[in-house]
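Q: If you read the sequences in order, they're chains B and Z.
Per full-length UniProt numbering, the very first residue in the first sequence carries number 1; after that it's consecutive.
Per full-length UniProt numbering, the very first residue in the second sequence carries number 1; after that it's consecutive.
Think of the hints as simulated: they come from the structure by calculation, not from any bench.
Honestly, I wouldn't trust all of these hints.
With a straight-line cut-off of 20 Å between C-alpha atoms, the simulated SDA-like cross-links for lysine to any residue are [said to hold, decoys possible]:
hint: 1; chain 1: B; residue 1: 61; chain 2: Z; residue 2: 86
hint: 2; chain 1: B; residue 1: 61; chain 2: Z; residue 2: 82
hint: 3; chain 1: Z; residue 1: 394; chain 2: Z; residue 2: 381
hint: 4; chain 1: Z; residue 1: 305; chain 2: Z; residue 2: 315
hint: 5; chain 1: Z; residue 1: 162; chain 2: B; residue 2: 106
hint: 6; chain 1: B; residue 1: 50; chain 2: Z; residue 2: 510
hint: 7; chain 1: Z; residue 1: 3; chain 2: Z; residue 2: 81
These figures come from a predicted structure and were not determined experimentally.
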Amino acid sequence: MSRGRGRGRGRGKPFAGLESLLPGEPPPPPILTPPPLFPPMEKRPLELRKLPTDTELLALKENLRLYMQQSPFALKAGPEKQGIRRYSDKYIQLLESESNEFVSWRPDWRFFPGELRPGSSKRRRVSSGPKPVVPSSRKRARSSEGGRGGGGGAGKDSAPPGRKKVTFADGGERVDPLSDVDESVTKEKGEEEGEGEEGEGEVEEEVYDEEVEEEDTDYNMSYFDNGEDYGGNESDALEEGPFESGSMEVGEDGDMMVEDIMCEGAEAVAVGGGRDGLDISSCDEEVPVYYSPHQHQVSVGVAGMMVKLVRIVRSVEVTP
Amino acid sequence: MSKQQVRLASLLLEEAFGDQVEAVGTYLLKNGGSNLGEISKGTGLQINKVKKCLVVLIQHQLALFEPHSSGKYVLYSVSVESVQLRGRFPRYILASRELYGQIGELICEYILHQGRTLMSQCINRVAERLEVTLGAAPAEVSKVVKTKFVGMVEGQYLTRVKPPSTESALGQVNSGDSARTPIFGKFELPSSLTAIKYTGNKRKRDEEDPGNQPSSKRAKKNTGEGEEKPVDDGVFWSVNFDNFHQHFQDKAIVSAVRERVDETAACVMRSLLRMAINLSQDKSLQTKSSPTLYKGRMAEYLPDKPKLSEMDLEHYLKALTDDQAHFLSKEDDSGGGGYAVDYQQCAQGLCQATVEGIVRERFSSKCLRVFRLLLVKRVLEQKQVVDMAMIPSKEARELLYSLLAENFISLQEIPRTMDYAPSRTFYLFSVNLPSVARLLLERTYQALGNIVSRRMFEMKTHKRLLEKYAQYQEQMAQLKGRGEVEEEEIEEILTPDEKTTAEQVKKTIQKLEAGELQLDETIMSLSNYIRMA
Numbered sequence: 001m002s003r004g005r006g007r008g009r010g011r012g013k014p015f016a017g018l019e020s021l022l023p024g025e026p027p028p029p030p031i032l033t034p035p036p037l038f039p040p041m042e043k044r045p046l047e048l049r050k051l052p053t054d055t056e057l058l059a060l061k062e063n064l065r066l067y068m069q070q071s072p073f074a075l076k077a078g079p080e081k082q083g084i085r086r087y088s089d090k091y092i093q094l095l096e097s098e099s100n101e102f103v104s105w106r107p108d109w110r111f112f113p114g115e116l117r118p119g120s121s122k123r124r125r126v127s128s129g130p131k132p133v134v135p136s137s138r139k140r141a142r143s144s145e146g147g148r149g150g151g152g153g154a155g156k157d158s159a160p161p162g163r164k165k166v167t168f169a170d171g172g173e174r175v176d177p178l179s180d181v182d183e184s185v186t187k188e189k190g191e192e193e194g195e196g197e198e199g200e201g202e203v204e205e206e207v208y209d210e211e212v213e214e215e216d217t218d219y220n221m222s223y224f225d226n227g228e229d230y231g232g233n234e235s236d237a238l239e240e241g242p243f244e245s246g247s248m249e250v251g252e253d254g255d256m257m258v259e260d261i262m263c264e265g266a267e268a269v270a271v272g273g274g275r276d277g278l279d280i281s282s283c284d285e286e287v288p289v290y291y292s293p294h295q296h297q298v299s300v301g302v303a304g305m306m307v308k309l310v311r312i313v314r315s316v317e318v319t320p
Numbered sequence: 001m002s003k004q005q006v007r008l009a010s011l012l013l014e015e016a017f018g019d020q021v022e023a024v025g026t027y028l029l030k031n032g033g034s035n036l037g038e039i040s041k042g043t044g045l046q047i048n049k050v051k052k053c054l055v056v057l058i059q060h061q062l063a064l065f066e067p068h069s070s071g072k073y074v075l076y077s078v079s080v081e082s083v084q085l086r087g088r089f090p091r092y093i094l095a096s097r098e099l100y101g102q103i104g105e106l107i108c109e110y111i112l113h114q115g116r117t118l119m120s121q122c123i124n125r126v127a128e129r130l131e132v133t134l135g136a137a138p139a140e141v142s143k144v145v146k147t148k149f150v151g152m153v154e155g156q157y158l159t160r161v162k163p164p165s166t167e168s169a170l171g172q173v174n175s176g177d178s179a180r181t182p183i184f185g186k187f188e189l190p191s192s193l194t195a196i197k198y199t200g201n202k203r204k205r206d207e208e209d210p211g212n213q214p215s216s217k218r219a220k221k222n223t224g225e226g227e228e229k230p231v232d233d234g235v236f237w238s239v240n241f242d243n244f245h246q247h248f249q250d251k252a253i254v255s256a257v258r259e260r261v262d263e264t265a266a267c268v269m270r271s272l273l274r275m276a277i278n279l280s281q282d283k284s285l286q287t288k289s290s291p292t293l294y295k296g297r298m299a300e301y302l303p304d305k306p307k308l309s310e311m312d313l314e315h316y317l318k319a320l321t322d323d324q325a326h327f328l329s330k331e332d333d334s335g336g337g338g339y340a341v342d343y344q345q346c347a348q349g350l351c352q353a354t355v356e357g358i359v360r361e362r363f364s365s366k367c368l369r370v371f372r373l374l375l376v377k378r379v380l381e382q383k384q385v386v387d388m389a390m391i392p393s394k395e396a397r398e399l400l401y402s403l404l405a406e407n408f409i410s411l412q413e414i415p416r417t418m419d420y421a422p423s424r425t426f427y428l429f430s431v432n433l434p435s436v437a438r439l440l441l442e443r444t445y446q447a448l449g450n451i452v453s454r455r456m457f458e459m460k461t462h463k464r465l466l467e468k469y470a471q472y473q474e475q476m477a478q479l480k481g482r483g484e485v486e487e488e489e490i491e492e493i494l495t496p497d498e499k500t501t502a503e504q505v506k507k508t509i510q511k512l513e514a515g516e517l518q519l520d521e522t523i524m525s526l527s528n529y530i531r532m533a
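Let the hints inform the model, and build the full structure from the sequences given.
A: Right under this line is the structure:
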């Protein structure tokens, strides 16, 4: 710093800089280098005061510092996603949240502007077409999964499930009833999960955690290549299988999870078309597979069905 | 909002909350009110992260939000002073200990940790902590805790957090309370005060969702098991810093009186200050002088031990009034004599003492003599300085110009003739205390910033070592004297070199922290004076 030399110099200082100069002496040579960064000090500063109060203050300060570092307020950057969703991810998060008693702070939103709530900026999906009749009493509680925060985020919005327009490779656009169910299922699921999480003492970080995002999937549309069965099985789509197709309702026992089925065939495919819904990797658990009665496009062959469903889901993802 | 202040503030934020919050905070400090999008663009963080950071900042009363005049978005801003106050937290906690005992200390500490809290929540946590340390049953202790809490509110050391207004143009800011309490009482206790009691060991889960959001209803349904709304929902308390500052100022005045006059005078002063606090309406307002204190009413505030007779009291009051530092000023003759504590003069005296100390350390005590002379005599010529200070002319000239170079004193030229001939102009030296104080305050912020920055550097460089050392100490403490073999094993975690380095580093960090705390006192006295002048 200029040590105040630049300031308050309105008037000329008649003797400035000439303190040690005697008349008749030549002026000192000009300085060519910048002044040293740590100029030598003529005097050492005094020792710090060391009263007992000072020692106490010091101890308090250290405690405060340690607390703040561990508190939920010290936001740390999330662990780097290595691209692959691991099975252990959700359990690590759960473990951390359970062990750390500090991570249980939730703000009272009345004292904060609404836009800071997580999920408040989520756009509603374009809803086109009649909504399916889906009973509100939901299926098996997946609260064991707990760890997924994306569902919580979606769950806070009580958005009615919407349908999506799906563009099939053959150019035909039709409202995909399956997507509807997918979304409604995952939406409901997401909500339930969100509530399930809250019931367990929701972790704020998880609520905020919207890392399960649309683009976060391994399997991008661009990697997909149409299999040989694609486009050829359309005629089978409307063929009704051995089950009733009339009711769109999901089975009471909550067993038919569309995702489950897909899990079997295709690993780690994101469900719900971009919604921050269920993490499919969670489907590694043993789940029984049931055939949904309303899957119109299910062809008889299991393999064909797998492929079909996978394609449908993926194509659903494409739609923005 | 100078450059140094901003730098200090960002260092404090980084230390307390991490670098994301620091980035957001610094951006807001530098750019004033901004909305969410601007912050996100400016800091390069994702909107979600920015939201979280803002929530943290608002929770800790560091950031404010208000709707933009166009009503389209919300503006956020951060005030530098509130961030700088974080450095004073240990002092607040210590002061609560002095005023309200260990329980008061724990209450204050908890509220400072959380930023703001409900009374019930605070009482629960403090009771649990006391259970751990004292072994007392929480249900009983909580009653005492509650009394202390209420005492702190009545003493105005804790204040209510103002709920945001419902008239916000965005309509998104909900506040259930403000509809019921149109006039916001800063120290109003909640109506459910008697109902607040210790609620057991379960973790507090607040169901604060206002009823107008359907998702919350579902949340309430599904969370079944024993999720009560806290009794005093929506009544948040935070620490009232102003009152603590007043407390510190009072302490400083009392110690100044003790040094200048004597111990008894200090007692008198303390009682006068207490009387002033009781008589003033808003205790946290820092006015220039206290309300008039009449001698007739002083008797109840005076301490019992040094029993003062009327004559003695009169004597001391006169001494305090006539003192050069002008602690008291005589306002009135009625009522046995009306006196007022002159806060402004006291602040000036304190600031002056601080500056004098700085001059003494920076230059020499001869310089200090010259400086003091100028303070008293206001304006002097060089020749007069030489005569009055009894310093040889050459030396005096050097001292004066070194002070001038550092801007502690200023020079005024008064020409005697039309051409400004040096031999025929008066050169008058004087001290302009407010400007000196401002300069020094700036330097102090810089110094504090340097200290904090150096400390963080030390901690980062030796992070691994310090962690190891902390682990080592923990294990040693646990296995105290249990077995030599185990102790030896633990000793092997650290090599002796590492041990010495770790201890040295710890010492350095402690020294730096102590320096920060004491520097803060300088900041307080300088800024107090500047504010009051």
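Q: Of the hints given before, which are not true for this structure?
A: Violated: none.
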